[in-house]
Amino acid sequence: MSEPRAIRPAEVSAFSKSEMMIVAAARELAGRRVCFVGVGLPNIAVNLARLTCAPTLELVYESGAFGAKPARLPLSIGDPTIVTGATAVVSMFELFSFYLQGGLVDVGFLGAAQIDRFGNINSTVIGDYEHPKTRLPGSGGACEIAINARQVFVIMRQSKRSFVDRIDFRTSPGNLGGAEASARIRREQGWLGRGPSVVVTDLGIYHFDDSGEMRLDSIHPGATLEQVRDTIGWEPHLAEPLSTTPAPTPEELRLIRERLDPEGSYTK
Amino acid sequence: MSEPRAIRPAEVSAFSKSEMMIVAAARELAGRRVCFVGVGLPNIAVNLARLTCAPTLELVYESGAFGAKPARLPLSIGDPTIVTGATAVVSMFELFSFYLQGGLVDVGFLGAAQIDRFGNINSTVIGDYEHPKTRLPGSGGACEIAINARQVFVIMRQSKRSFVDRIDFRTSPGNLGGAEASARIRREQGWLGRGPSVVVTDLGIYHFDDSGEMRLDSIHPGATLEQVRDTIGWEPHLAEPLSTTPAPTPEELRLIRERLDPEGSYTK
Amino acid sequence: MSKVTSMRDAVAALVHDGDVVAIEGFTHLICFAAGHEIIRQRKRELTLARLTPDLIYDQMVAAGTARKLVFSWLGNPGVGGLHAIRRRVEDADPAPLELEEYSHFGMVGRYTAGASNLPFFPLRSYFETDLPKANPLIRPIRSPFGEETVYAVPPLKPDVTVVHAQRADAEGNTQMWGLLGCQKEAAFAAERVIVVVEDLVDESVIRADPNRTVIPGLIVNAVVVEPFGAHPSYVQGAYDRDNHFYRDWDAIAREAGTTQAWLDEWVYGVSGRAEYMAKLGAERVASLKPSGEAPSGSVDYGVYK
Amino acid sequence: MSKVTSMRDAVAALVHDGDVVAIEGFTHLICFAAGHEIIRQRKRELTLARLTPDLIYDQMVAAGTARKLVFSWLGNPGVGGLHAIRRRVEDADPAPLELEEYSHFGMVGRYTAGASNLPFFPLRSYFETDLPKANPLIRPIRSPFGEETVYAVPPLKPDVTVVHAQRADAEGNTQMWGLLGCQKEAAFAAERVIVVVEDLVDESVIRADPNRTVIPGLIVNAVVVEPFGAHPSYVQGAYDRDNHFYRDWDAIAREAGTTQAWLDEWVYGVSGRAEYMAKLGAERVASLKPSGEAPSGSVDYGVYK
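Residue numbers (this note's numbering), protein chains in the order written: chain D, 1 to 268; chain Z, 269 to 536; chain U, 537 to 841; chain W, 842 to 1146.
Everything labelled a hint here was simulated from the structure, so no lab data went into it.
Keep in mind that a hint or two might mislead.
[Unchecked claim] Keeping only pairs whose Cα atoms sit at most 25 angstroms apart, straight-line, the calculated DSS-like set for lysine-lysine is:
hint : chain 1 : residue 1 : chain 2 : residue 2
1    : D       : K133      : W       : K1146
2    : U       : K669      : U       : K693
3    : W       : K1130     : W       : K1120
4    : D       : K69       : U       : K825
5    : D       : K133      : D       : K17
6    : U       : K841      : W       : K909
7    : D       : K133      : W       : K974
8    : Z       : K401      : U       : K825
9    : U       : K604      : U       : K669
10   : W       : K998      : Z       : K337
11   : Z       : K428      : Z       : K285
12   : U       : K693      : U       : K604
13   : U       : K669      : U       : K539
14   : U       : K825      : U       : K815
15   : D       : K133      : D       : K160
16   : Z       : K401      : U       : K604
17   : Z       : K401      : Z       : K428
18   : W       : K998      : W       : K909
19   : W       : K844      : W       : K909
20   : W       : K998      : W       : K974
21   : U       : K669      : Z       : K337
22   : W       : K974      : W       : K844
23   : D       : K69       : W       : K1130
24   : D       : K69       : U       : K815
25   : W       : K1130     : U       : K825
26   : Z       : K337      : W       : K1120
Work out the full structure: start from the sequences and follow the hints.
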């Protein structure tokens, strides 16, 4: 681990949209106990939370490491640094059966290529399934995280192509066609997950209202409502009053830049 | 391990019915590869086979030890001596799922309280299930051994109470109502086990004929056909010609008496 | 957060009358200390689940703690029957005992379904046996692929599972070696978990070998440090199975009177495991030590910075 | 009986055109050495099964070994897509590639059913998703207890499973530590198993720690000793993941031409792993060594005579 640089005043206010997104997602984890960690942005956000607002957060890596204390930010979720010094390393059978489907995961973190207003997620294909325009990675563990994790946090950048009226493929169920249907189906089928609870983007923070639809609750400093509307495929519900997300603190920025992503792979 | 005693001539010919039974069962294991070991008589027979006619026999203990080389004969199948120096120790989930149901066990060894002419076995109750005259241990792993082990060996003492026309409870399926029905059901249901192949008693050795019924193929030295008929609840099929089981060798007796059951718990 | 507490406090807080209790361990690591404390605290109307009820449940049944057994093999391995349980089953003496009976794999499957939040577990056992008639909770299920039918057993979710192990840290991260039985599945299936260990170790000992961890602290409610807590069962590397006691119990349990006298002397008559061990005597305890060490050797996880 | 053989002989004897092949390992212990040998021996029409096809299957697909993928997550973790596979899927370039798609747990369940000789594996995934429409082998099944429905996936039984591990003995008793993925299930499910290890050890090393054994020699057909055989994947305690190569592959695989040139140089152009390592260079190899040791510590199994 390198030594902290001194923070100069100019750096405090200068932060990227990606940094704001990661910081906002990390803060949502305050008070949570067990978080299921996937690859990419969730990986940074969760590790930032552990170093700031959620010091007792237990990380369950999709690869099977539990109680990991990574000495560096792993590129992949299957890095040797998440194993050395973990409290437990388990097979994927055990991870998916007992930890995830068994209901021990408080928060599952998902990214996505497309999301709709009800938090349903596509990470499989753009276009037709049989003849895709773009073949995406597919579910991995996402579909079972969406069903079994007690709550789901989504972290993704907004654009007209990603925040769409109708997703091309439903990989991971959100609030389905709305809150009422979702609650009924989840109850009747014995799902332990209550579905998506927050979507953090590069422009703001959404929670879900009583209808099960995304509602913009907080807008990031520097972002505008016009930008929000330009990057979303439906007319977004807005909270009244709409909050402004507190800017990243110097300490949050320092941790991201010096410790978690020194090469700027995720935050440029 | 104690040093071998010298074998005196008088001891060579003097052996108990239990010793003959154990030796006969052990010999049936020649050429077998993987044997599932339960508690009691099978435990001694299998360990004797490993020391004599089946040196490469791998023992799978019902308790989860594989490739065990016990330094003493364990009273229970869950003794620490079967763990130290084993090649693998696995959970019961893995043992029953992958080893047994997965079809890796060549021979499953069963004891029983009652057996019928088709090798169906009762180890649950004598009398009515709800109001038993005698409550026996129950299946343990026996019902799944009978279904999944490629072949089943039975070892038990003969008596009018144990070799019966109709068992009080079917704990473990043998040849069901006969060879034809058994072969059809086992095939249709995808069972890997072909059912019982040998029954070794204190009086002789039975295999199963084309009808699926037990046939006495060999009678132990000292035993008579009259004894056999007096201890069996139906008119037994007899092989023609009927063999006489070779008596235990001095080496077999030495191993049982000095190494496997020095206290004579099973062999008196 | 330390979860270390006494056996008395753990049982008082976590075991309630009427609970489904699983003290698991397939011959190895059976926590007699917890069973005895449950007897001393006069818990009642328990449903006791275990593959092999063994002496521990014979004692708990004799002491009147249980109304029902859920099991797969009812005996004293290598010795004979469990007489206190048989008296209740065969003669309703002093009262009937309800039985719910599976096979070993059926019980393992039940815990696995409980741990996995599945409504059933499928297995190939039970065909052409009388077990599904004896227990209507063993039911056929048709495969959605082809014509095959298998059997299904329902999830078993104990209110409390007790696991004995070689070592744990104060949060309950638990490591064991030797026969593992189905303790992991029984613990994940349970509402509450009590871990009883020979040794309380620093978190760093656990973290040095994360693949050895069988039960995470996450699901553990109490950690009780109770050396020799498994006697007359055993702990791999620590002490041997007390086969003499397993044989002696056969005579003790044959009569209700001698059984109660034994309970009076060895359970009600002692305050806990330390007193039980003192009564057992240093010589008996010493005789159960392994005759030598068999070290596993160490492997390297590597430092990755 | 020793099963030790060369990678060349193992692949020649045990991998046949048209086979279902699983080279498993979740980021950890991915046996690139076996994949490259399969490419060199120009095996054809393979069905490649893996949760995460990763670079290894991108390379094998680019080399024309495969007609079909069975998988759950198709990407280069933390980097991006798998371009050779995408060309075949999106543009049928140079030929179509059949996909059979599950989720991670679905794939784990398929191997588990295969290993357990079960006709299906039940799980709670897939509800209210489009996956059952995309893959008709994901089917609903009603619980025989109550009203619940879950989904079922069919067994997956590879013709050959390849497992990389830290160590095995000559019979194939195999021990590994670190992330275990679903290698155990994939190996038990397979008709034939090739184990590739960093170190061949004496049987006594395995027997010293039987709880560490993941795969028994019983199911192993060949043991190949191939140090560094997992590069650019990694082996806990032995070498690090070569993240630079994972990043470099993104550029290499973007064009068919550069992909083929890489295969010519690094796969067809070398005779085996030793030559590959020499080509990689001592400096690169040394840079992947862990920065220190993290010993597991030793536990005592005890001698019981």
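Here's how the hints hold up against the structure:
Restraint check for D:K133 and W:K1146: not satisfied, since their Cα atoms lie roughly 68 angstroms apart, outside the 25 angstroms limit. In summary, the hint linking U:K669 to U:K693 is supported, as the alpha carbons are separated by about 23 angstroms, within the 25 angstroms threshold. Between W:K1130 and W:K1120 the CA atoms are separated by roughly 17 angstroms; this keeps the pair inside 25 angstroms, and the hint holds. For the hint pairing D:K69 with U:K825, the CA-to-CA distance comes to about 38 angstroms; that exceeds 25 angstroms, so the pair is violated.
Of the pairs offered as hints, the one joining D:K133 and D:K17 is violated, with about 28 angstroms between alpha carbons and a cut-off of 25 angstroms exceeded. Distance hint between U:K841 and W:K909 is unfulfilled; the C-alpha atoms sit about 38 angstroms from each other, more than 25 angstroms. Distance hint between D:K133 and W:K974 is fulfilled; the C-alpha atoms sit about 18 angstroms from each other, no more than 25 angstroms. The hinted pair formed by Z:K401 and U:K825 fails the criterion: a straight-line CA distance of about 41 angstroms is larger than 25 angstroms.
Of the supplied pair hints, the one linking U:K604 and U:K669 holds, its CA atoms being roughly 19 angstroms apart against a limit of 25 angstroms. For a cut-off of 25 angstroms, the pair hint linking W:K998 to Z:K337 is broken: about 31 angstroms separates their Cα positions. A hinted pair counts as satisfied when its Cα atoms are at most 25 angstroms apart, and Z:K428 with Z:K285 qualifies at roughly 17 angstroms. Taking the CA atoms of U:K693 and U:K604, the gap is about 15 angstroms. The hint holds against a cut of 25 angstroms.
Only pairs whose Cα atoms come within 25 angstroms are accepted, and U:K669 paired with U:K539 is rejected, the gap being roughly 44 angstroms. Taken as a hint, the U:K825 and U:K815 pair is honoured in the structure, with Cα atoms around 17 angstroms apart against an allowance of 25 angstroms. At most 25 angstroms may separate the alpha-carbon atoms for a hinted pair to count; D:K133 and D:K160 meet this at roughly 17 angstroms. Only pairs whose Cα atoms come within 25 angstroms are accepted, and Z:K401 paired with U:K604 is accepted, the gap being roughly 19 angstroms.
Distance restraint check for Z:K401 and Z:K428: the Cα-Cα separation of roughly 17 angstroms lies within the 25 angstroms cut-off, and the hinted pair is therefore satisfied. A threshold of 25 angstroms between alpha carbons decides the hint, and for W:K998 with W:K909 the separation of about 15 angstroms falls inside it, so the pair holds. At most 25 angstroms may separate the alpha-carbon atoms for a hinted pair to count; W:K844 and W:K909 exceed this at roughly 30 angstroms. Simply put, W:K998 and W:K974 have alpha-carbon atoms about 23 angstroms apart, close enough for the 25 angstroms limit, and the pair holds.
About 40 angstroms separates the Cα atoms of U:K669 and Z:K337, which puts this hinted pair outside 25 angstroms; it is violated. Between W:K974 and W:K844 the CA atoms are separated by roughly 44 angstroms; this puts the pair beyond 25 angstroms, and the hint is violated. For a cut-off of 25 angstroms, the pair hint linking D:K69 to W:K1130 stands: about 20 angstroms separates their Cα positions. Proposed proximity of D:K69 and U:K815 is contradicted: the alpha carbons are some 46 angstroms apart, above 25 angstroms.
Restraint check for W:K1130 and U:K825: not satisfied, since their Cα atoms lie roughly 42 angstroms apart, outside the 25 angstroms limit. Proposed proximity of Z:K337 and W:K1120 is contradicted: the alpha carbons are some 45 angstroms apart, above 25 angstroms.
The structure does not agree with the numbered hints 1, 4, 5, 6, 8, 10, 13, 19, 21, 22, 24, 25, 26 stated previously, though it agrees with the rest.
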